[in-house]
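For the protein sequence lines, the chains are A and B, in the order given. Going by my numbering, the residue at position 232 of the first sequence is 232; the numbering climbs one at a time, nothing skipped. Going by my numbering, the residue at position 105 of the second sequence is 105; the numbering climbs one at a time, nothing skipped.
Hint data in this document are derived by calculation from the structure and do not stem from the laboratory. Watch out, some of these pointers could steer you wrong.
Computed cross-link-like contacts, DSS-like style, restricted to lysine-lysine with a CA-CA straight-line distance of at most 27 Å [said to hold, decoys possible]:
1) A/56 / B/7
2) A/47 / B/3
3) A/27 / A/47
4) B/3 / A/22
5) B/39 / B/82
6) B/9 / A/56
7) B/39 / A/40
8) B/7 / A/47
9) B/7 / A/40
10) A/27 / B/3
11) B/3 / A/56
12) A/40 / B/3
13) B/39 / B/3
Incomplete in silico selection of chain B near chain A, CB under 7 Å [said to hold, decoys possible]:
14) 22
15) 44
16) 45
17) 51
18) 59
19) 60
20) 68
21) 133
Note that beta-carbon positions come from the ideal geometry of N, C-alpha and C, so glycine has one too.
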Amino acid sequence: MYRFEYYRPTSVAEAVALLREKGEGGKILAGGTDLIPQMKERGRHPKYIVSLSLVKELRGISFDNGDGLKIGAGTLMAQVAEHPLINERFNVLAQGAELIGSLQTMNLATVGGNVCNAAPSADAVPAFIVMDSEVGIVGPGGSRTMPMWQVFEGPGRTALKPDEILTEVRVPTPTQNSAGVYIRHCPRKELDIAIAGVGVYLGLDSNNTISHARVCLASVAPVPLRATKTEEYLVGKQPSEAVYEQAGQIASGEARPITDMRGSAEFRHVLVKVLAIRCLRQAVDAIGVRTTR
Amino acid sequence: MAKQSFKLKVNGSEYEVYTEPNRPLLDVVREDLGLTGSKEGCGTGDCGACTMLLDGAPVTTCLVLVGEAENRDITTVEGIAKNGVLHPVQAAFVEFGALQCGFCIPGMIVSSVALLDRNPHPTEAEIRYGIAGNLCRCTGYTKIVEAIQAASSRM
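Isolated chain B, as found in the complex (with noise of 0.2 Å):
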């Protein structure tokens, strides 16, 4: 299987890399991009650690073939904060001590962030739907609702 060439766009930014096919964009965007915000977890499309915008919808990008993304608009975690200033969901996960180890936050954010673009008030009960594809194993999922609520209520 020979190399071939794949345009990105990741964050407003192109890039071209020239790798194998099979590799997954979360795997090409950590490794050969540098972007290591987004995790792998599971590698099945089970955990959410992964997440990144494809064309504005959340997706998990350990399933997604690099050559699947060519062309598209990816955001990663890395492209939420605006000119070195947190989105207020990033802010209120921070205030509202809604991580804990931290490994499923990446994913977490951009998840949150998708939700609040597409329904900016949600109720509690969409929240938990919105971050139903993102396991995190340590806080209990309260803190993270709450910081979406409070984010919520301040954009």
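Just chain A, same shape as in the assembly (with noise of 0.2 Å):
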């Protein structure tokens, strides 16, 4: 590896010092399955590195019905995967960290480190963003809020200024009669990444009728990327096969797939519809409630 200034901060508000006195060429370190990798073997060569690593206040998940779930960037996937509260309240989060590697990436990963390293195939991100949840970021003009569905602008590229850092996500307590769901499509079982991938959130209400969707695409377009059309066509039907159908022919449309070695875009297309249409079933059985032929 080229060499570079390491620097080791203890609070957020050092490491954001840091960032602006330091100026532009330095990279966060957070778990760095992502980064060292690509420090390694793909050209990255960053002037200075400043890791996370003893800055105890982005690390813990914590839960108040009130404020919803928060989750320090800092948080292992492997704790979000194992944590309780997040499996039984907020499945389609641990399905999501799950998916992130091996049990070895799962200890190093954080969810911080998922969403800055903006890979449109980042396996938590779709199920943070059909979650409906928030990022804080902390920067030299103090905190502020984005959705976490605006951060990404392309491959590896946020809207997070080089001397901001992302501190937490948060999700808002779900509705009842609400279920998520997220799958991906991968050639082998394990450890691989996404050639597509469909997250679905969905809340019925009283008379079974979808009152709020959201649906993200995962590889399938320059950024983790939000179905707004598929959602609008879904609000306000009754869970039947046929909407499935009709919800997944939208949101194949919606995609905007290249050709790579993982997979043509056609085949992305007709993998985004299937996904879809798997995702909404599931989730109206969670729900538990019987979907109309």
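Make the complex out of the two chains shown on their own, each in a separate frame, by following the hints.
In structure tokens form, the structure reads like this:
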């Protein structure tokens, strides 16, 4: 690995001050499971590294019915995947976190890292987006909040400024009669990157009509993509196979995939439709409502 | 980039190394501490040959900068046997012929021990999930799974 200056601040404020003082060409190190391979193999050579390993305030999971779930950006994917309350009430987040690499990777990789690397294939991100998550960002000028789906600007590019740090992900408490599902398609069962993924979160009202819908597509656009037309279509519908089929078709049309070594654009369009239909069916099943044929 | 001093706690012993901060923990443990059990396979966190326990959790140490492991409990394959007696997982690997070339085995042992620490009686599926991050190109995994099952029944 190329040489770099190595800093280990012990607070967010100290980290932000360092980034501001040292200027361009630095990189924040969280779990390192993306950054270190990039530095070893893909020609990424930061002048300096700001490690967050000693910033304790970035770690931890807390929940309050009113405020919802708060996950510190430095929290490990393994902790999200295993957390009893997340598994019980925010199940889709655990589903996403559990897909991130091997156990060894999940024991290093952080929530903030998965967001800030801004990979279109990031498996935890669609789950966070469909749960209407927000991120907390701290910079020299103070803190700000942003819906997670607006963070991404392109592969590896986010709306964060170079001297800003993503500190927290906040997830509102799910309503009654709601469920989230994330499904991806990979050539292998484990340790692979999605060719395409779909995340869905649905809420039903007392008449079993869809009152709330969020759909996010992975690996089929330069960013994790919210499928807003699909969401609009779903709201007000009664769950049925015909509705899933139509929603899958719309989602497929919203995808903007490329052809690469993992799969063709055409294949990805088909996958989005199939995965969206499965997600919708599973979400409605999980709420405990029978789908009309 | 100046050298820096790092305190490492490996297999219960404390070390101080004076080195460049751009080196992975794996390299420092092998080259500076002389603990060459852990191997470098891919160097990019895919193969698991470099697996060590960091505060009890398996991680790929080719991706961990030495400074990131400072003041944490590091366990390598050399720290698995106690007082010259093989861990039941190690004994079962020998008994079942769960290794051929042996290159993946230090990481495989560390992951297997971590699995049984968390879940003393795993199902076959749980065993396969527990070692999914450790690639073996020789055995086809069957003997490895059998060895872990045997170790689990004896612990």
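To see whether the hints hold, each was checked on the structure:
no. : hint        : in the structure
1   : A/56 / B/7  : 19 Å, holds
2   : A/47 / B/3  : 16 Å, holds
3   : A/27 / A/47 : 8 Å, holds
4   : B/3 / A/22  : 19 Å, holds
5   : B/39 / B/82 : 21 Å, holds
6   : B/9 / A/56  : 20 Å, holds
7   : B/39 / A/40 : 17 Å, holds
8   : B/7 / A/47  : 24 Å, holds
9   : B/7 / A/40  : 24 Å, holds
10  : A/27 / B/3  : 20 Å, holds
11  : B/3 / A/56  : 25 Å, holds
12  : A/40 / B/3  : 20 Å, holds
13  : B/39 / B/3  : 24 Å, holds
14  : 22          : 5 Å, holds
15  : 44          : 4 Å, holds
16  : 45          : 6 Å, holds
17  : 51          : 6 Å, holds
18  : 59          : 5 Å, holds
19  : 60          : 4 Å, holds
20  : 68          : 5 Å, holds
21  : 133         : 2 Å, holds
The earlier numbered hints are all upheld by this structure, with none contradicted.
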